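Going letter by letter, the sequence shown gives residues -18 to 62 in our numbering.
Hints listed in this document are in silico derivations from the structure and should not be mistaken for laboratory results. The reader is advised that the hints may include incorrect statements.
Stated by the list, open to error - What follows is a list of derived Cβ distance ranges for each label pair:
no.	residue 1	residue 2	range
1	E7	P45	29 to 37 Å
2	S54	G4	18 to 26 Å
3	F(-4)	H23	34 to 42 Å
4	N(-17)	P52	31 to 39 Å
5	P35	N(-17)	18 to 26 Å
6	G4	K62	27 to 35 Å
Claimed, not checked - Mimicking DMTMM-like on lysine to aspartate or glutamate, the simulated pairs with C-alpha atoms at most 20 Å apart in a straight line are:
no.	residue 1	residue 2
7	K43	E58
8	K6	D(-5)
9	K57	E34
10	K(-15)	E7
Just so you know, these numbers come straight off a predicted model, no measurement behind them. Here a beta-carbon is modelled for each residue, glycine too, at the ideal position from N, C-alpha and C.
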Amino acid sequence: MNAKQSDCSGCRNDFYNDHNPLGVKECWSLKDATMVKVIDIHVDQAPPYRNVEPVSHPSCYKRPRFVHVAPDSLTKEGYWK
């Protein structure tokens, strides 16, 4: 499934989706982006990551101070595999 501009909310590059004085109408990554399920983990959050639910983001999504981890990278107890 391809990503839409509305899926980019919170991304560092959403600035380029017509939210800028530069006249850029669409982020350069949006055309090739697909939706993926990830777990958002704040860089200051300590494990275990038990109560963090997977969310869908574009494959190019970059949220400041967060890492986006594939759900299968964590054990069911919330630790890294």
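Verification of the hints:
1. Taking 29 to 37 Å as the suggested C-beta distance range, the pair E7 and P45 does not conform, at roughly 21 Å.
2. In this structure the supplied range 18 to 26 Å is violated for S54 paired with G4, their Cβ-Cβ distance being about 39 Å.
3. In this structure, F(-4) and H23 break the distance hint of 34 to 42 Å, their C-beta atoms being roughly 21 Å apart.
4. Hint check: N(-17) to P52, Cβ distance near 21 Å, so the stated range 31 to 39 Å is violated.
5. A C-beta distance of roughly 19 Å is found between P35 and N(-17), which places it inside the suggested range of 18 to 26 Å.
6. For G4 and K62, the hinted distance range of 27 to 35 Å is not satisfied, since their beta carbons lie about 45 Å from each other.
7. With a CA separation close to 26 Å, the supplied pair K43 and E58 exceeds the 20 Å bound.
8. Annotation: proposed proximity of K6 to D(-5) holds, straight-line Cα distance about 10 Å (limit 20 Å).
9. Restraint check: the Cα-Cα separation between K57 and E34 comes to about 12 Å, which is no more than 20 Å; the hinted pair holds.
10. For a cut-off of 20 Å, the pair hint linking K(-15) to E7 stands: about 10 Å separates their Cα positions.
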